[in-house]
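Please take these sequences and the hints and turn them into a complete structure.
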Amino acid sequence: MKKRVLSLIILMVLSVSVAFAAGQQGAEVQPKTEDIVVGFSCAGMGNSWRMFLKANFDATVAEHPEISKVYFTNADEKPEKQAADISDLLTKGVDLLIIQPSIGAAIVPAVEEAYATGIPVIILDGTVPTDNITAYVGQDMKKLGAHYAEALVDMMGETGKIVMMSGIAGQMSVELRLEGAQEVFAKYPGIEILDTQYTGWSIPKGKEIMQSFLQAYPQIDGIWADSGLMSFPALETMKEAGRPLVPSTGDHLNGYAKFLVANNVPGYIEPYSTLQAAWALEEGLKAVKGETIPKTIYKDPETYDFERIKEFVDMGKSDWWWLGDDQIPAEFLPKID
Amino acid sequence: MKNLSVKNIINPKELVKPGKFVWLILIVMLIASSVSSPIFLTSRNLRNVFLIQPIGLAIATMAQSVVMISGNIDMSIASAVSLMTTMAAGLFRDIPDISPFTVSLLLLLTGIAIGALNGFMAVILRIPAFMATLATSSLLQGVIFFYTKRPIGGIPKSFRFLASYKVAGIPICFFYFLIIFLVMAALLNRHRFGNHLYATGSDDYIAGISGIPVVRVKMQAYLLGGALVALASIFLSSRMGGGGPTTGDGYELDTITAAVIGGISLAGGEGKLMGAIGGVFILMIFSNFMNLMDINPYIQMFLKGMILILAVAFYAKKDSE
Chain A
62 MKKRVLSLII LMVLSVSVAF AAGQQGAEVQ PKTEDIVVGF SCAGMGNSWR
112 MFLKANFDAT VAEHPEISKV YFTNADEKPE KQAADISDLL TKGVDLLIIQ
162 PSIGAAIVPA VEEAYATGIP VIILDGTVPT DNITAYVGQD MKKLGAHYAE
212 ALVDMMGETG KIVMMSGIAG QMSVELRLEG AQEVFAKYPG IEILDTQYTG
262 WSIPKGKEIM QSFLQAYPQI DGIWADSGLM SFPALETMKE AGRPLVPSTG
312 DHLNGYAKFL VANNVPGYIE PYSTLQAAWA LEEGLKAVKG ETIPKTIYKD
362 PETYDFERIK EFVDMGKSDW WWLGDDQIPA EFLPKID
Chain B
628 MKNLSVKNII NPKELVKPGK FVWLILIVML IASSVSSPIF LTSRNLRNVF
678 LIQPIGLAIA TMAQSVVMIS GNIDMSIASA VSLMTTMAAG LFRDIPDISP
728 FTVSLLLLLT GIAIGALNGF MAVILRIPAF MATLATSSLL QGVIFFYTKR
778 PIGGIPKSFR FLASYKVAGI PICFFYFLII FLVMAALLNR HRFGNHLYAT
828 GSDDYIAGIS GIPVVRVKMQ AYLLGGALVA LASIFLSSRM GGGGPTTGDG
878 YELDTITAAV IGGISLAGGE GKLMGAIGGV FILMIFSNFM NLMDINPYIQ
928 MFLKGMILIL AVAFYAKKDS E
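Residue numbers (my numbering), protein chains in the order written: chain A, 62 to 398; chain B, 628 to 948.
If you're looking for bench data, these hints aren't it; they were derived computationally from the structure.
We put the CB at the ideal spot given by N, CA and C, even for glycine.
Each computed SDA-like pair below joins lysine to any residue, with the alpha-carbon atoms no more than 25 Å apart:
#: 1; chain 1: A; residue 1: 266; chain 2: A; residue 2: 105
#: 2; chain 1: A; residue 1: 130; chain 2: B; residue 2: 926
#: 3; chain 1: B; residue 1: 776; chain 2: A; residue 2: 263
#: 4; chain 1: A; residue 1: 153; chain 2: B; residue 2: 658
#: 5; chain 1: A; residue 1: 204; chain 2: A; residue 2: 190
#: 6; chain 1: A; residue 1: 115; chain 2: B; residue 2: 913
#: 7; chain 1: B; residue 1: 784; chain 2: B; residue 2: 726
#: 8; chain 1: A; residue 1: 350; chain 2: A; residue 2: 179
#: 9; chain 1: A; residue 1: 396; chain 2: B; residue 2: 924
#: 10; chain 1: B; residue 1: 776; chain 2: A; residue 2: 211
#: 11; chain 1: A; residue 1: 396; chain 2: B; residue 2: 929
#: 12; chain 1: B; residue 1: 776; chain 2: A; residue 2: 255
#: 13; chain 1: B; residue 1: 776; chain 2: A; residue 2: 274
#: 14; chain 1: A; residue 1: 203; chain 2: A; residue 2: 367
#: 15; chain 1: B; residue 1: 776; chain 2: A; residue 2: 258
#: 16; chain 1: A; residue 1: 300; chain 2: A; residue 2: 381
#: 17; chain 1: A; residue 1: 153; chain 2: B; residue 2: 929
#: 18; chain 1: A; residue 1: 248; chain 2: B; residue 2: 776
#: 19; chain 1: A; residue 1: 203; chain 2: B; residue 2: 774
#: 20; chain 1: A; residue 1: 153; chain 2: B; residue 2: 670
Pairwise CB distance ranges (calculated):
#: 21; chain 1: A; residue 1: 302; chain 2: B; residue 2: 766; range: 23 to 33 Å
#: 22; chain 1: A; residue 1: 254; chain 2: B; residue 2: 743; range: 31 to 41 Å
#: 23; chain 1: A; residue 1: 396; chain 2: B; residue 2: 732; range: 52 to 62 Å
#: 24; chain 1: A; residue 1: 124; chain 2: B; residue 2: 665; range: 22 to 32 Å
#: 25; chain 1: A; residue 1: 204; chain 2: B; residue 2: 743; range: 41 to 51 Å
Here is the structure:
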C-alpha cells in the first residue's frame, strides 16, 4: 500500500512539474478599464471592525461596473495561510490584489511574488516590509497613536498615572500606534505609565486586564487605548469596581461613545477607519487602469473631542457599530445587534 | 500485507479502516474539486496545493504524530514555530554575515531543547502532557516577547531559496519534505524505535513489563518531535521571509486536526505517518477549494470544524467496535 501511495505521489509530482513547465506565464500586464477581477486577501474576520471593512469594500465594488468579479479570502490571522490565499488569488487571475496583512513581515515572499506578476498590489491596515508593492493606502498608524497620547495628556492636564491597552501583540498596526504614543508620553515627565498590556481587542480580556490593573494600582488617572474595543470594557470595569471614571482614548466604536456620553466622562475619539478598504480599492483601480499612484497614500479621518462625540454618538445603535463608517447602502451594512 | 489485494482494496470494510479512510476522502475531494472548479487542475494551482503549501504543516504534523503515537500530546508547537521563525529572522538581522547553515543548526538545537523541556515535564516529572506543553508554550511566548514585540522581516534570499527554488519545475522544498518523511517512515516502520513507540503508546504498563524502556521512548518521541518542529520552522522561515510572536499561531490545533483526520489516535499507539500526511492534504485541498469556489469565510470556519468533529466521531466509533 505504501509503495503504491508513494508511486502515486511521485506520479503526481511529475505530472504537476511537466504541466508547470509548460504553463509559465509572463509578467507583462496591460492596463484594463473593464472586466476587472479583484482579489482581497483579508487578515481575519474576527470582530465587527473587520465586518465593516468588508462592508465598505463591497459597497465600493458595487459603485464600479468595470469590476466583473471579486474574490475574498480570510487568513484567520495566520501568515502562512495568507501566503497560500495570495497564491490562490493569483491562480484565479486577479487584475488587482488588495492585501490586509496578518503579519506583514511574514508574507513578504508571497507579496513579492504577486507584485512580480505585474498586477497592482495594494496594502492596507498594516505594513509589509518590501518595496515590491504598488502602494500602501490607509492611515498613518504611528501618528494615530501619537494623537491619542496628545489628547490624553491634554485631558489630564499633563500630569497623572496612566495605563496603556493595545490590540494584538506583534501586529505592525498595533506596534506603530503604541510607539507613536510612547514617543509623546516621553516628552511629558508628569505622565507616569503604570503598565502596558495587549488585549487582542477582546472585550472579555480587556475587562480581565483592567481588573488586574485596578487591583495593582490604587490610582489610575487615564487610559490610553488604541481602540474603543479596549477603552470601552476598561471604563465599564472601573465603573463596576466603583472607581472614579477617568479620561480615555479610542476609535469610533459606538459602545465607547455611548458610554462616554451616558456617564459624562471626557474622552477622545479618532477613527481608525474601515473606509480604508474603499480607499484601497479606489486607488487600486486607478493603477489597474494605467494611472501612476503614489507609493504611500495616507488619509486623515475626522477627529472627535468630547463635545463632538455628544453630537456624533448614536444611542439607538448597537455597541459594536462603527460610527461614521455606515454611510453606505443598507444592503451592505453588517447585521450587528 | 494481506490487505493489499484488489479484493481488499475495493472492500468497503477495508476502505473505512483508519489510515485508509483518509485516502478515500482525499480522492473524493480531488474529484469534487476538479469537477467544480476549472482552475483546480491548473498547473499553478496543483503546484501550490501539493508541492508548496502543505510542506510546513506536513512536517509539523509529523512531529505531533510521533508524540501522539507515544501516548502524549504537544500543545507547544505553535509557540515553538513562532520562536524559531522569529529567531531565524532575528539572527539574520543581528548577525548579517551568519550562514544559513549556522541558522538552521541553531534552530535544530533549539527545537531539540524545546522537546527536551516538554519531555522532562511530561515524562520525568509526570505532569499531564497537555498542561506541561501548554506551560512550555506560555514560556516560549514570554521568551519571544522579551526578545521582540514586533515581527522581524528581511530573511535573505540565500535562506529563502528552500521555499522558492525549483528544479525542473518542482520546488526543492518538496524534496526536503520527502526526505524527512522517508526517514521518519523508516524509523517508525522498520526500526526497533517504531515498535517500541507504538507499544508504549498502546499501553505503557504492558510495554514496561515487556522490557521496553518506556520513559526513554516517550522522551525520545518529544526530542524527535522538537527536531521535526525545527525542520518545519526552517521551511516556514524560508517561505514567510520573516517571523514574529504570532507567526505560528494555530499550528498546535492544525497539526492535531490533520493527525486525527489521518487516523492517528488521540489515545496513542495507533496511526501511520502516511495517514497524517493525507490529513494535511485534506486540510490544504479543503482550504484551496473553498477559496477557488469563493465560499463565505464564516461558512469555511464552520465546515472545517465539522470535518474535525466527523473525523473524531468516525474514529471513536471505529475504536469502540
